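This is what each chain is made of:
2 protein chains.
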Amino acid sequence: MRPKLKVWVTFGDRLKFGDGRAQLLELIAERGSLRKAASELGMSYRNAWGYLRELEEAAGFAFLERVPGGGPSSGMRLTEDAKRFLKRYRQFRNALEGDMKRQFERTYSRKETS
Amino acid sequence: MRPKLKVWVTFGDRLKFGDGRAQLLELIAERGSLRKAASELGMSYRNAWGYLRELEEAAGFAFLERVPGGGPSSGMRLTEDAKRFLKRYRQFRNALEGDMKRQFERTYSRKETS
Chain U
71 MRPKLKVWVT FGDRLKFGDG RAQLLELIAE RGSLRKAASE LGMSYRNAWG
121 YLRELEEAAG FAFLERVPGG GPSSGMRLTE DAKRFLKRYR QFRNALEGDM
171 KRQFERTYSR KETS
Chain W
71 MRPKLKVWVT FGDRLKFGDG RAQLLELIAE RGSLRKAASE LGMSYRNAWG
121 YLRELEEAAG FAFLERVPGG GPSSGMRLTE DAKRFLKRYR QFRNALEGDM
171 KRQFERTYSR KETS
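Chains U and W, in that order, give the protein sequences.
Residue 180 in this note's numbering sits at position 110 of the first sequence; the count goes up by one each step and never skips.
Residue 134 in this note's numbering sits at position 64 of the second sequence; the count goes up by one each step and never skips.
Since the hints were made in silico from the structure, they are not lab data.
The structure displayed is predicted, hence computed values, not measured ones.
Take the hints with a grain of salt, since some may be wrong.
Repeated chains share a single entry, so a pair holds when one copy, or any two copies, can fit it.
[As the list claims (entries may be wrong)] Mimicking DSS-like on lysine-lysine, the simulated pairs with C-alpha atoms at most 25 Å apart in a straight line are:
id: 1; residue 1: Lys171; residue 2: Lys106
id: 2; residue 1: Lys74; residue 2: Lys106
id: 3; residue 1: Lys153; residue 2: Lys86
id: 4; residue 1: Lys153; residue 2: Lys171
id: 5; residue 1: Lys157; residue 2: Lys171
id: 6; residue 1: Lys157; residue 2: Lys86
id: 7; residue 1: Lys106; residue 2: Lys153
id: 8; residue 1: Lys106; residue 2: Lys86
id: 9; residue 1: Lys106; residue 2: Lys157
id: 10; residue 1: Lys76; residue 2: Lys171
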């Protein structure tokens with residue numbers, strides 16, 4: 071028997087940011103392309119773009135920017151605000167993963183007959 | 071912005087026990103009937119029954135028993151093992167909910183410019 075966890079931060083009633091969206095941002099940063107990142111995750115470009123627009127509106131800052139100085143083939147990158155947001159989400163999520171293991175141990179390691 | 075959590079305990083690769091199933095067990099205990107409990111949660115009796123059989127097999131103990139001494143209309147109840155299992159899940163889950171709030175506070179209350 072093992073514990074399992076899903077964590078999100080939510081904006082309002084509807085918009086959620088969790089592991090899947092964190093992975094999308096990380097892939098955009100790696101590939102320099104929203105289109106490539108979405109495609110690798112099996113998302114449509116349209117969905118990924120729509121999600122990011124909603125996220126930017128809810129968070130109140132831009133997540134993506136064009137790499138400056140490049141030609142038409144130059145790519146996208148995360149803004150500093152987006153990097154900070156992503157880093158905090160990872161910290162939050164990883165800390166909670168540790169808490170989960172500790173709480174599970176504490177709750178379930180007691181003898182079944184107790 | 072608010073944090074949100076889902077927690078399960080898993081058996082093997084496939085079988086999960088989380089809030090929805092905990093609610094099913096609680097409703098069975100309240101109503102004395104798997105059929106009524108499943109129906110209130112919008113589950114088919116067949117699905118609820120199948121799930122509980124799998125859970126019993128994975129956990130290695132019975133979750134449900136007939137109330138003894140009754141006639142054909144007497145109901146179902148949770149076994150002592152099932153009550154203990156459910157109580158532990160609730161303890162684990164609630165403790166983690168508290169951890170989540172604390173970790174969220176710790177991670178996100180720092181100034182955005184830091």
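Are any of the numbered hints broken by this structure? If so, which, sorted upward? Numbers 1, 2, in rising order.
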